[in-house]
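Using the sequences and the accompanying hints, generate a full structural model.
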Amino acid sequence: MVKAVSFDVWGTLLDLDRTLRETSRVIAGELGQPFDGVYQRVLEAHEEARRMRRRALIPGNETVKAGQEILARKLGVEVREVEGLIHRAFLKVDPREITYSDVPGTLEELSRRGLRIAVAGNVLFWPSSYTWMLLEKGGLTRFVEVKLFSDETGFNKPDRGFFLTLLERLGLEPGEVAHVGDNVIEDVGGPMSVGMKAVLVKRDLKVVATFNLLGVAVVYSLTQLPSVLNLI
Numbered sequence: 671m672v673k674a675v676s677f678d679v680w681g682t683l684l685d686l687d688r689t690l691r692e693t694s695r696v697i698a699g700e701l702g703q704p705f706d707g708v709y710q711r712v713l714e715a716h717e718e719a720r721r722m723r724r725r726a727l728i729p730g731n732e733t734v735k736a737g738q739e740i741l742a743r744k745l746g747v748e749v750r751e752v753e754g755l756i757h758r759a760f761l762k763v764d765p766r767e768i769t770y771s772d773v774p775g776t777l778e779e780l781s782r783r784g785l786r787i788a789v790a791g792n793v794l795f796w797p798s799s800y801t802w803m804l805l806e807k808g809g810l811t812r813f814v815e816v817k818l819f820s821d822e823t824g825f826n827k828p829d830r831g832f833f834l835t836l837l838e839r840l841g842l843e844p845g846e847v848a849h850v851g852d853n854v855i856e857d858v859g860g861p862m863s864v865g866m867k868a869v870l871v872k873r874d875l876k877v878v879a880t881f882n883l884l885g886v887a888v889v890y891s892l893t894q895l896p897s898v899l900n901l902i
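Positions in the sequence shown are counted from 1; adding 670 to them yields the numbering used here.
Be careful, since some hints might not be right.
To be verified - Simulated restraints on C-beta separations:
1. GLY859 - GLU748: 34 to 40 Å
2. GLU739 - GLU779: 38 to 44 Å
3. LEU901 - GLY784: 14 to 20 Å
By construction, these hints were calculated from the structure, which means they are not laboratory data. All C-beta atoms, glycine included, are put in the ideal place defined by N, C-alpha and C.
Put into structure tokens, the structure is as follows:
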């Protein structure tokens, strides 16, 4: 029986694409460069940094530094300037604009049912404190009992160490926790490797499926989560 649900953040609770776009808009304004060119370079840097993280070339607590170095190289600026640009950009991002519409009601419903809630995410260009700030401003942290980010643990998802740490923080057995996210490798393969249940969110597929034998479900809206948790 599922007693707790952990959520990936970017692409699951908060819209990463919109955040990268708004961050690029601020950076373009600060650098006095055309938005389209800056946005393209930010996307290229993001993809390169994700590949590096996926290959486990760096530990979780060094990911932000490495990611910012890649972004600085793409933008042609110093790393310390990137730090400042990202900080100022995040002060301007409105969490209400990047929170998926199905998130607040779902967290409310899960909490009402007595399920414990955690957030469990990777970092890349900015530290987890920035992500937490947005969740807090958006009124979502009131539902969260446990938070775990890769820059705190030293492990990047899908590393088993990340999810073992999550289970330790929750004090629960693997089969009592379902992890929800939008990435097959990080948010399904990772939790399954330690015996947790997993729910893949694919908002563009319009598919709902459950695989009880595997302890896995696929949904296209978080509003479907309360019902599928009983089927995996």
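Cross-check of the supplied hints:
1. GLY859 - GLU748: 34 to 40 Å: holds (37 Å)
2. GLU739 - GLU779: 38 to 44 Å: Because 42 Å falls inside the window, the suggested range holds.
3. LEU901 - GLY784: 14 to 20 Å: holds (18 Å)
Hint compliance for this structure: every hint is met.
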